[in-house]
Amino acid sequence: MEWIFGVINLENKGIIYRVSGPVVTVLNLDAKMNELVKVGQEGLFGEVIEIENEKTIIQVYEDTSLLKPGDEAITTGMPLSVELGPGLLGSIYDGVQRPLPELSNIMGEFIKRGAEAPGINREKKWEFFPSKKKGDKLSPGDVIGYVNENEYTKHLVMSPPNISGEIVEISEKGNYTVEEVLCKLHNGATIKMYQRWPVKVPRPFKEKMMPTVPLVTGKRIIDVLFPLAKGGTAAIPGPFGSGKTVTQQQLAKWSDTKVVVYIGCGERGNEMIDVLTEFPQLVDPVTGGPLMNRTVLIANTSNMPVAAREASIYTGITIAEYYRDMGYDVALMADSTSRWAEAMREISSRLEEMPGEEGYPAYLSSRLSSFYERAGRVITLGGKVGSVTVIGAVSPPGGDFSEPVVQNTLRITKTFWALDSNLSQKRHFPAINWLESYSLYYDTLKEWFEANISVDWDRVRSETMEILQKEAELQEIVQLVGADALPPDQQFLLEISRMLRETFLQQDSYHEVDEFHSLKRQFALLNAIIRFSRLGNNAIEKGYELEKILKLESRVDISKVRYRKDFESKITSINENMSKEFKQLLGEA
Amino acid sequence: MKEYKTITSVTGPLIFLEKTESIGYGEHVTITLPSGEVKRGQVLDTSWDKVVVQVFEGTRNIDKNTYVKFSGDVLRVPVSHNMLGRIFSGSGDPLDGGPKVIPEARLDINGLPINPYKRAPPHEFIQTGISAIDGMNSLIRGQKLPIFSGSGLPHNQLALQIARQATVLDCKESFAVIFVAMGITEEEAKYFINDFEKTGALERGIVFLNLASDPSIERLIVPRIALTTAEFLAFTYDMHLLVIMTDMTNYCEALREIGSAREEVPGRRGYPGYMYTDLASIYERAGRIQDKNGSVTQVPILTMPGDDITHPIPDLSGYITEGQIIVSRDLQRKGIYPPIDVLPSLSRLMSKGIGKGRTREDHKSVSDQLYAAYAEGKDLRGLVSIVGKESLSESDKLFLEFADAFEKKYVAQKTNENRKIEDSLDLAWEILSKLPEEKLLRVSDELIEKYMRRFKNAPNKTDEI
Chain B
1 MEWIFGVINL ENKGIIYRVS GPVVTVLNLD AKMNELVKVG QEGLFGEVIE
51 IENEKTIIQV YEDTSLLKPG DEAITTGMPL SVELGPGLLG SIYDGVQRPL
101 PELSNIMGEF IKRGAEAPGI NREKKWEFFP SKKKGDKLSP GDVIGYVNEN
151 EYTKHLVMSP PNISGEIVEI SEKGNYTVEE VLCKLHNGAT IKMYQRWPVK
201 VPRPFKEKMM PTVPLVTGKR IIDVLFPLAK GGTAAIPGPF GSGKTVTQQQ
251 LAKWSDTKVV VYIGCGERGN EMIDVLTEFP QLVDPVTGGP LMNRTVLIAN
301 TSNMPVAARE ASIYTGITIA EYYRDMGYDV ALMADSTSRW AEAMREISSR
351 LEEMPGEEGY PAYLSSRLSS FYERAGRVIT LGGKVGSVTV IGAVSPPGGD
401 FSEPVVQNTL RITKTFWALD SNLSQKRHFP AINWLESYSL YYDTLKEWFE
451 ANISVDWDRV RSETMEILQK EAELQEIVQL VGADALPPDQ QFLLEISRML
501 RETFLQQDSY HEVDEFHSLK RQFALLNAII RFSRLGNNAI EKGYELEKIL
551 KLESRVDISK VRYRKDFESK ITSINENMSK EFKQLLGEA
Chain Y
590 MKEYKTITSV TGPLIFLEKT ESIGYGEHVT ITLPSGEVKR GQVLDTSWDK
640 VVVQVFEGTR NIDKNTYVKF SGDVLRVPVS HNMLGRIFSG SGDPLDGGPK
690 VIPEARLDIN GLPINPYKRA PPHEFIQTGI SAIDGMNSLI RGQKLPIFSG
740 SGLPHNQLAL QIARQATVLD CKESFAVIFV AMGITEEEAK YFINDFEKTG
790 ALERGIVFLN LASDPSIERL IVPRIALTTA EFLAFTYDMH LLVIMTDMTN
840 YCEALREIGS AREEVPGRRG YPGYMYTDLA SIYERAGRIQ DKNGSVTQVP
890 ILTMPGDDIT HPIPDLSGYI TEGQIIVSRD LQRKGIYPPI DVLPSLSRLM
940 SKGIGKGRTR EDHKSVSDQL YAAYAEGKDL RGLVSIVGKE SLSESDKLFL
990 EFADAFEKKY VAQKTNENRK IEDSLDLAWE ILSKLPEEKL LRVSDELIEK
1040 YMRRFKNAPN KTDEI
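In order, the protein sequence lines correspond to chains B and Y. If you read the first sequence in the working numbering, its first letter stands for residue 1, the second for the next number, and so on. If you read the second sequence in the working numbering, its first letter stands for residue 590, the second for the next number, and so on.
No lab work stands behind these hints, which were simulated from the structure alone. Note that the Cβ used here is the ideal one computed from N, Cα and C, for glycine as well. Certain hints may be false.
Said to hold, decoys possible - Computed cross-link-like contacts, DSS-like style, restricted to lysine-lysine with a CA-CA straight-line distance of at most 30 angstroms: (1) K608/Y to K68/B; (2) K967/Y to K560/B; (3) K583/B to K565/B; (4) K953/Y to K565/B; (5) K551/B to K1045/Y; (6) K580/B to K1023/Y; (7) K945/Y to K560/B; (8) K570/B to K923/Y.
As the list claims (entries may be wrong) - Reference excerpt, derived from the structure (chain B facing chain Y, CB under 10 angstroms, subset only): (9) G21; (10) K68; (11) T76; (12) G77; (13) P79; (14) A299; (15) M304; (16) V481; (17) V556.
Just chain Y, with the same shape it has in the complex (with noise of 0.2 angstroms):
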């Protein structure tokens, strides 16, 4: 171990060292102040004449007597399977007043990629008991699909009802919950842990906690730890994860504090170049491996700053995740919750979960259906505050009461209601079979005979081809 007392500057979160033997990049430091406070850091740059190492507790009181020591080896972080059910910093010390994590491994925190090669197709449909999201967005084990939020709407109360809500069918072990708070207020952490408490899942899980008054250097580094733990518990104990990462915002603003005290060239909105591959270091911890049980899954919330989605957080994120379910300010004006827009959320991999033998063969075609008939309802909408409803055809008319049929009735829903991927997918048919059936190109006409009849007064003579 090597120990220095030769720090030339400090500026921000990072301090600036001399006359060091060679030091690697990326190595764990240990900085003791003159008071005996002990803080912890990472070399961000190293070379003969300078060592450049970012603190993860905030730079305050250190000053030139302050000794820096060098351990040689990258931030491990201590992992084992006794630490479900426990509440840890955001540098993992333990904060329940428990003691100490007893290692069974200790782990780089940054990981290593998966080798795409040995990974595993995810395809096993999670049922949220949410219709927005079961029957429009389906997660799928192994995704990582993050809320895009604004600040003010209720994407906590909707990460917790995924949280308590979320199954595999045809499995009976529950998912893992692992909550990473970065930079929250402490009322919003208290809101997740009771809730944990309250439900119990909280003896399956594991939470980090970063609130908005600790080191913000500290939120670039508590995604990791909890991922690592999540990795090794998914693979060495095939248990299946579901990480909750809020808020995403946060840490990024935490990276772009740590590029401009680097004075590094900056890239849009003086986020750093970077950070596209940064996100992914994170949200692509996420997935199965061929031959292993466990999966970790990831639900990262951000909120979008001025709810803008072209912002480079959602947007750099949208680009790496595997899809979005977005909260929308309008929905929940009109008091609809979840306010989910349907429209513009996605999830890539739902046509691998559902279908035939997955969830049921018509999941695919009502979705587009639904997708099809909503947007061509909402484009009406604008058309009505122009011209009046008075002159929209009759089934324009049908069109416009489907839209909010579909808010009212599909997406809406209590913050308890658990509902089946059955009766989502009958919900489905039922709003839209008060459509003209010729105006549902996107299911074929078994399909209607099928799940749909049952919902129509009469079978409408027209219709038969």
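So here's chain B without its partners, still in its complex pose (with noise of 0.2 angstroms):
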């Protein structure tokens, strides 16, 4: 082995002593945690995750076929961080930031290793307009000007938060690259169109606000039943085939936020094809533009190296902090966080860690938690308002909620869409199981949406699910006896069940109208179904027979109206006919 020590001990190189996967051991590294280190002749890039003695133990981001004991591995000095400025918007991205498009400029059709490419494109000039002045004191997150990315969002130039003082120069408005210094401090620091920021350290803010506004997602039964608040957190949790991508999708497209980020972790390359295509088509519902020009797509597919899987989630939820810096909301989508998990679990496992559940290291819990923690509606250093609202789907084996991913992340999300494959074997979607899912946020919304929509708007709801409960404890009895043998008003009652069942939370994520609700037009529909409910029972009080009411037009004409596009005056005159239609029945007798 004299070959091998005669090169050691320079100070930032080290000799590859291992190679198992993506975990490479490097002994004589004089490098810190978390550290990125070149490995290799390719020099791919790899993290510090573990020292022990003289041995340095490494993810590397890359396939490491051919990687030899006795290669070098020489550290950068920084941990693995992240570009952040203008143009991330519409861009896809691997794990580790490195431009798809680039990569195929590069290297065509496939992944090979080795390629470095920036997040950010130096070449590309971005009209700068100046908001500061020289002398003007700056503090961390203060805004120095902006740029328009696109038509319809404004990027700010802010102060990266480890920076401030006092202006000595500030670039007239202009073209710039990113790379050109905007502005000078007195104490030397600069300030770039971009900046950089480490990916696993949450970006700095004042102040943490109480999540008060929802987020509207034109879902019925997510925002009437389970709503999710602007900074909140959400988990999908449900078995393959029920719709969770469908869901997240949904979510990306119809979400009332300025930017969203796509997290493609460990998934099916097909479906990030398929927001690539679709997105640029489709309109934005908050400004009108292409809604690619307010996502940032991750695409780490599940035949993508292991490590990048990891790292893929901290780059996202990196990119949706600085944009929610600029005082903007933020929904982040993270399509597997299992796949995330199981990362860590095989990285864990090449580690010859002691193994917690189900082979699962045991800082699985630390680690989803410190993640989801990151989400917030918060007041940014320099002053404003913006949030990052965290979806993360979760992908239990064989559908079971009880393993170790899905608890560790119930126990910390707020709001919880149970999907459920006996409704997706039905087509009913979204396959959201409204007895098992809750939200948190409920309490903290009500005020809004009586605010804001109806001051009816919580007791139609609690009505709702009220009918809803009853009706899974009457479903029993059915089982047992049939539905005829019930009395009329519990027949009934299983019948408004089935109307919001079949015409409120289930939604057509392929129809033009059905498949975006505004939140008046949800309610309206709600309260339709309820009206004719409490009015049906009304006059099953009074005798009537339930066939009768059930043969009313109105009632018909409920179960269509969510296609139309006439929504509003549809519904007004179905609310008249069912007054009238009732009025008949009730005199008729």
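Two independent chains are provided; combine them into the complex using the hints.
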């Protein structure tokens, strides 16, 4: 082994001792924890994850085939960081922020290893509009100007969280690349259009606020029954085929946020291309521009390197926090966090760590919670209000919600949309189970709904939940004795809950009108069903036949109104007709 | 080339060596036994002190006098257009008595991930001629759609029928079929090969055989060799490949064997924690690439141990593949072929490939309606077994009859029956027309008028709103 010892002990160089999949052990490397290291002749990037005596253990973000003991490893002096600046929106990156279009220019259709491509384009010029002048005092997070990232988004140029001082020089309005210094401070610090930030460190803010504003998604079951707050966290667990990805993509399309970060973490390549081809053609419900203009995609498909999968979640959330710091509402979709947890498990088992539950590392819980805790509605360093909402899909093995990833996720997230394969098999979408799901934000959001949509919001919602709950109880009896054996009022309740399920809870993602309903529409539809229920109950109490009530025209009309472009006028006429019909019915006998 | 005689231990399919020079991770290895027998392997772990090699052909007869030669490169397979019409072993050697392949290229069997940005979205509907698939779980070119089956079920017939009948509408070019056998019996293999020969599919196909009696570790490389070949033909020769892999369960068993031999921390049911990643490296090698004509479509077959869909093998597969076709024992017992249980089956890419201009405008709606109505009918069957048919309402009785008609008329067909997509859809309307019209919530009135009216004897007055 003498051939090796001749070259060691250089300051920032080490020698590879062992290669086992993505885990590489290096001897005598003077590196810090989480520092980025280049290994081998091709300079593959990796991150220090353990230091044990003279051994430094590195997880490599690329395929390690033919990497040898004896090859060099060189430290870079930086932790894994992302570049934050104009040009992020509309981009598609791999897990370590290499732009995929750029990679395909370098290496063609397949991803080979060892290529470097900066996350932010260095050549492109952006028109900078300064908003500060010489002599102004600058605190961390203060805005020095902006560029128009696209027609719809002002990208604020901010001083990084660790920089403050008095401006001695600031560039005038004009075109600059991201590398040009725009602002110099008295202490020698400089500000460019972009900044770097280590992905595993949450970006600082002044204060976290209570989440009191709903994130409107246009999905009736979510917005009315289990709403999510801006700055909140939600988990969507479900077995395969229950519609996690469709739900995530729908939320990415319809959420009323300024920016959407979509992380395809260990998922299918064909799904990512779906997003890529569809989003540029879809219209952003907030601005009216192409949806892609507000989206940042991070794609680590299931056959891309596993260590980069671990990084992709952090890359995504850091970008989300950066836009939050500009005072924007950001939604982050992570599909799927289970793959992320599995990547952790894989690395952990290569490190021969003592496994916790189901082979997952013992730190699974703390990693998950520190990730979700990066969500929030905050007052930024610059004094603006911004939010990051995190929606994580979970793919439990066998659809078993008692497994560690689901359980640890539920402990931290406040909204739980339980996907149910029984519903998806009936093609009931979104296949969110209304009995198992919950939202802990509803109580704080109630006031908002009552103030902004309808004073009856809470009453109608509770009545709905009650009907659905009662239905579940009745179904057990129906299973034993059949529906016909029930008294008329209970049979009527079953019919109403059927209406709720088929016309309200169910929503067609492929229908242009039905796929997005504004809160006002959602309420109007629900209110009509509940009103029919009340009037019907009244009629049954008075002894009128169930058959006659069910044959009413307004009932049939309600079931089809959700598809109508003229929803508003139609629902008004249905309500009028409903009053008329019941009057006739009661007057008739 | 470095050759060593420094084996220190042999466990299961693994050999451990010492005192080697620096060996690359994943290097391809040739092992020469004292008897002259040659085996092949791959480096799984490498350090200064120790190198771990997994031996594809099994470690039988390996001793400390065995020579191990490291190639300095990963395992590459020769690929060529001339491989069409040939039969190969699990490590890529000819089994049909023909000459060795003269390679046009030698490719790394692990392939490279397709840049997601360069993928082309799959949208070409493949007509398999099977109503349960075409109508309700359409296969799309570039998709990976596995068949989840159980032991003793006719998944092989089904796979063969798909291979025989699969065509893309308005496209004359047929599929080239690559058949990958992993640990199946010789009898099963013969069944496939005979059928291929009979129908002429073999001329445009390639067979890779790893039989039950062949070394299990070889199962880890067969699908990779086959997919490397498929990718080469698809993206160099613009061909459309249909890769049928059976049985993925045997593949996973081999993976578990290696994992336990390496004393890894096992995941669920003893399968390695990285099984998801490993399966993904196979399944994800399906798809289309922008500006290229060819495509790779995968139909892997796996038998669910104990018909349990939550078993790690079908479970992890289901999370990677774009849907699944589920073969059901209940339907099989009822004598229905193909016994496809449509309710838990799914094709994720279906909506991209169907509808106006691709199949027919009513495809999506009518399929949703079939699902909803069949699910309702099946629920009612449960109820009937408790309360009896008499206590059902008239409309419930119709749903019950619908469920039977659906299974017997729509799902069931002959092994050589090739139904056009239009016929499948019309058949769907025909059986739906027996249901009360106001219960058909998934189809619009216009579609009912256009496609279903002719199956109704007389139009129903109450439906005119």
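Structure-based check of all given hints:
1. K608/Y to K68/B: holds, 14 angstroms
2. K967/Y to K560/B: With Cα atoms ~25 angstroms apart, K967/Y and K560/B stay inside 30 angstroms; holds.
3. K583/B to K565/B: holds, 29 angstroms
4. K953/Y to K565/B: holds, 21 angstroms
5. K551/B to K1045/Y: holds, 22 angstroms
6. K580/B to K1023/Y: violated, 33 angstroms
7. K945/Y to K560/B: Since the Cα atoms of K945/Y and K560/B sit roughly 23 angstroms apart, the hinted pair holds (cutoff 30 angstroms).
8. K570/B to K923/Y: violated, 48 angstroms
9. G21: holds, 8 angstroms
10. K68: OK, holds: K68/B within 10 angstroms of chain Y, min 4 angstroms.
11. T76: violated, 22 angstroms
12. G77: violated, 26 angstroms
13. P79: Violated: closest Cβ of chain Y sits about 25 angstroms from P79/B, beyond 10 angstroms.
14. A299: A299/B check passes; min Cβ-Cβ to chain Y is 5 angstroms, inside 10 angstroms.
15. M304: holds, 5 angstroms
16. V481: holds, 6 angstroms
17. V556: With a minimum Cβ separation of about 6 angstroms from chain Y (threshold 10 angstroms), the hint on V556/B holds.
The structure is inconsistent with the numbered hints 6, 8, 11, 12 and 13, although it conforms to all the rest.
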